[in-house]
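All chains, please: the whole structure from these sequences, using the hints.
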Amino acid sequence: MHSSLWLSALITVPLIGALLAALVRRHDRRSYTVAIVSAVLELALAIVVVVLYSAHVAGAQTFDFAGRWVVAAPFGLAYDVAVDGISLFLVALSAISLLLALWGAREQRREPSFVAWMLLLTSFTMGSFLAHDVLEFFIFFELTLIPCYFIISQWGGAQRSRAALKFFTYTFTGSASLFVGLLYLGFVHQHQAGGALTFAYGALSSTSMSHGTAVWLFVAFAVAFAVKSPIWPFHTWSPLTYAEAPTGGSVQLSAVLAKLGSYGLLRFAVGLFPLAFTTMRPILMTLAVIGILYGSALACVTPDLKRMVAYSSLAQMGFVTLGVMAGSKIAMTGAVLLMFNHGIITLGFFLIIGMIERRRLSYQIADLKGLQGPAPVLAALFTVTMMASIGLPGLSGFVSEYLILIGTFSVHAWWAVVAAVGVVLAALYLLWAYQRVFHGRSDGANSEISDASTKERWVLVPVVILIVALGVFPRPVLERITPSVQQLLTHVAPAGVSK
Amino acid sequence: MTVAIPQIHYLALAPVLILFGASLALLVASALTRAAMSTRLINGVTLLAALGALVSTFFQWSFVAHHGATTTVAHAIVLDGFSVVASGTIAVGLAMATLVAHDWSIRERLRGADYQILALASASGALIMTQANDLIVLFIGLEILSIGLYVLVVLDRHRATSAEAALKYFLLGGFASAIFIYGAALVYGATGSTNLTSIAYFLGSNVLVHPGLLYAGGAMLLVGFAFKVAAVPFHLWSPDVYEGAPTPVTGFMASIVKVGAFAGLVRVVLSALGTQLNTWRPILWVLIVLTTVVGASLGLVQRNVKRLLAYSSINHAGFILLGIWAGTSRGVGATIFYLMTYVPTVVASFAVVTLVGGVGDDMHAIEHYRGLARRQPWLGGALAVLLLSQLGAPFTSGFYAKFSVLASVVDAGSGVLALIALLAAAIAAVFYLRWILALYSDDDIEATRIEVPRATGLVIGLGVVITVLFGLWPGPLAALAQHATVLFTP
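So the sequence lines, in the order shown, correspond to chains A and B.
Just so you know, we're using the numbering used here here: the first sequence kicks off at 2 and counts up by one.
Just so you know, we're using the numbering used here here: the second sequence kicks off at 20 and counts up by one.
Quick caveat, the hints were computed from the structure, so don't treat them as lab data.
There could be a bad hint or two in this list.
Stated by the list, open to error - One-sided excerpt, in silico: chain B residues whose CB lies under 7 Å from chain A:
hint	residue
1	P230
2	G231
3	P413
4	F422
5	V429
6	D430
7	G432
8	G434
9	L438
10	L442
11	V449
12	P495
13	A497
Beta carbons: idealized from backbone N, C-alpha and C, even for Gly.
Spelled out as structure tokens, the structure:
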């Protein structure tokens, strides 16, 4: 089987699953079965792709092995999928997150439209990660908004419509500048190279342009990704949206969709406009560091668990941005790894918060107390996830944060020094929240909650395994990421990036 | 004294003649027959005329492809790829609107052929506008189009709001026509001709020492068109008229008037005054920014879906203007492509609104749509798809429509304008989404099931199929639109 067919299958399997699930009548369990089957199939495919990919590690041009299929010539739209070390693990993350989110979101499992939207969303995120054409990426990137909007606005909390609208407006506004930027880039390329309008990644990345143009286009692209990521100060939609979304939605938003932002920044903003990289680096790194401090500070004072994870995500994504923009191979590798690790960790967080919410009908820290007593397993699972997020050596978060900080320190020491404060703050807000929620004497409703059921434990087992495995033995993953990062940096390097 | 009869190329006039002939035939027949003619017959004739006009555009296309563009009737009428495609779009819009009107007139117990006679006449006016190569002919087309519409708006005499809307439309429309004809006179004064080709030739070969007259004339022509397409700040009539007119008439207006007016605008701005494009661009720039932003923002506060669609169509008008601003062949192609995709979508959207409006045509609050897609997944789903297309979601034809106009603007060098228009689209997306959300909301009010008559169902189905088909496979349509501009020679 040609490798691009595997990739196309990754997009089509959830799409077909979504269509099948949507055809089932309401309150029928069959839609859930269809969803789980397609999610398992999707995960299997993702594993196949990860395994197949290892064959390409030696080769240099790994992001370019697929054939192009021109869909609409006058618009320069083509279908072209490819994968490299940078997108590989994000593909895997989407597949894992889909399966666990479906397992974990018990409230909505009987709703065919919910599972259909979840599958559709995964199909579109897969498309975005695999797109090897800027316009194709944009279309998938835009399409993700529609399922997200419906998931939030129909199954979210009390303020769901506001949250959904805010989310939609912010991201759509960001996309507007991305769209104009990519059209402009397409025309610059067409006027230079002649021929038909094309948005092929390979062709566009070799477009020559003035420094000013590159900076403007970089900004146009970066705004869209900064909203999605989110990067301070474009984050203001995220706490409300994460808090109001249903568990499945929060999981997808923070674990997968946020990565679309940082992935886009790395692949498209940095990859296509190397000239602008040097100019934009201090600005974006500063924003990233502000995001780390600001997110951590607000995570300390926020009154509910979901918002705390939202602010902590802002901080974590700040680390990712820092790693992407630092311009060192080590930091960039760490950033790609952190995208995956943060995905797994927030997946764990939101699933556990969902479990608490299911029992206590609240995720306000003030309502919860001493849950450790009645629910020791839940507390233990939370502890593992929390420790990984804090960056305890031996767990996954440590490796990626370490790589980012050490990589950044070697080229831009001061930013790394300030960012390191964020690591301390992470320990502060997470441990403090843990104390208030799990420690102490449980009283009233808090003392009567049940511990994690067998099924819930099984949902979190893969999370824990990945957290520990990547903490102890990250090499196979790093081996796949590094060559691609190296390749991207060599493309960017002639513009004057230090090692 | 002898009157020279100019050479007439009948194929060029075929669609106009078919529609106007059908209109006259129905008029005479309804005057001669004592008993009222059956609705089925009247609408059958109208539909046949629309399809006949559509088929005749195929012959026109093949003529143009073989012999090139031509003018006839003393160069007052032009037959080129652009007019053929625009005429075909009008014919399709008219056919779809007729099917909707058929079921509507049965539901509202409207007897007689009034609607069909007027709609056919109006549509023939729009066809004349697409083919006009002379400011006077353009004006005649505009008037034929408008006068029919003034009456159509007030057609359902049971509706009190219709009379108000019609009066408003008539007064403001009359103003616009007057301004337009005054502009035409000034342009004549400046260039010595009303023929668009002659004007272009004159402006191309002479330098105006005192261009004031031309600028004033051109600006007035622009104002006249801006009224017709409801560009801000000349849009004030549109929400009231859209709301007051019977819904099928609104659908007719929203689709066919736009095609006629924009085709005329393209001819005037780009072929007659094309050499002066840089003079008009700043004016168009302001018009576009106002139209897209105001259309989208005011749409946010509407609770009545017909008013909402009025603002939505204002927003669309701003987008279509983008292609004219670009002024390139890509821009004209984008304009015509936008119109081709917009017409079926908007007629089908209004078809759904007609159905939900119910007997008496007054259930147009957004609350009436609550849970529609849950009760009737096909009808509600169809509306959702149509709205997503108007929003510009990928995999619908609306996406490529927006894509092509924005691409033409970026190509012509204004990323800022494209960005502003897109941000307006982001605002507009909110009200489409809110409507879609209402469709899928759970708390359904006590609502009766909406019967979908066959003809209206066909229109809605057709609208959705066109929207999705060309959303997945826009190549042929885009190629046709681009080809139409290659043959665009005034």
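Going by Cβ atoms only, is B/A497 closer than 7 Å to chain A?
-> It holds, given that the least Cβ distance between B/A497 and chain A is near 4 Å, below 7 Å.
Chain A contact restraint for B/L438 - C-beta distance below 7 Å = holds (5 Å)
Given B/P413 as an interface hint, is the shortest Cβ-Cβ distance to chain A below 7 Å?
-> holds (4 Å)
Answer holds if the nearest beta-carbon of chain A is closer than 7 Å to that of B/V429; otherwise answer violated.
-> holds (4 Å)
Given hint B/G434 near chain A, where the shortest CB pair must fall under 7 Å = Check passed: Cβ of B/G434 comes within 5 Å of chain A, closer than 7 Å.
Go through the hint on B/P495 and say holds or violated, using the shortest Cβ distance to chain A against 7 Å.
-> Nearest chain A Cβ about 10 Å off; hint violated.
Chain A contact restraint for B/L442 - C-beta distance below 7 Å = holds (5 Å)
Residue hint B/G432, partner chain A, criterion CB-CB below 7 Å = Hint on B/G432: violated, closest Cβ of chain A at ~9 Å, above 7 Å.
Does B/D430 pass the interface check with chain A, least Cβ-Cβ distance below 7 Å?
-> holds (5 Å)
Does B/F422 pass the interface hint, meaning its C-beta sits closer than 7 Å to a C-beta of chain A?
-> holds (6 Å)
Regarding the hint that B/V449 lies at the interface with chain A, is the smallest CB-CB distance below 7 Å?
-> holds (6 Å)
Are B/P230 and chain A close enough, Cβ to Cβ, to be under 7 Å, as the hint says?
-> violated (32 Å)
Of the numbered hints listed earlier, those contradicted by the structure are 1, 2, 7 and 12.
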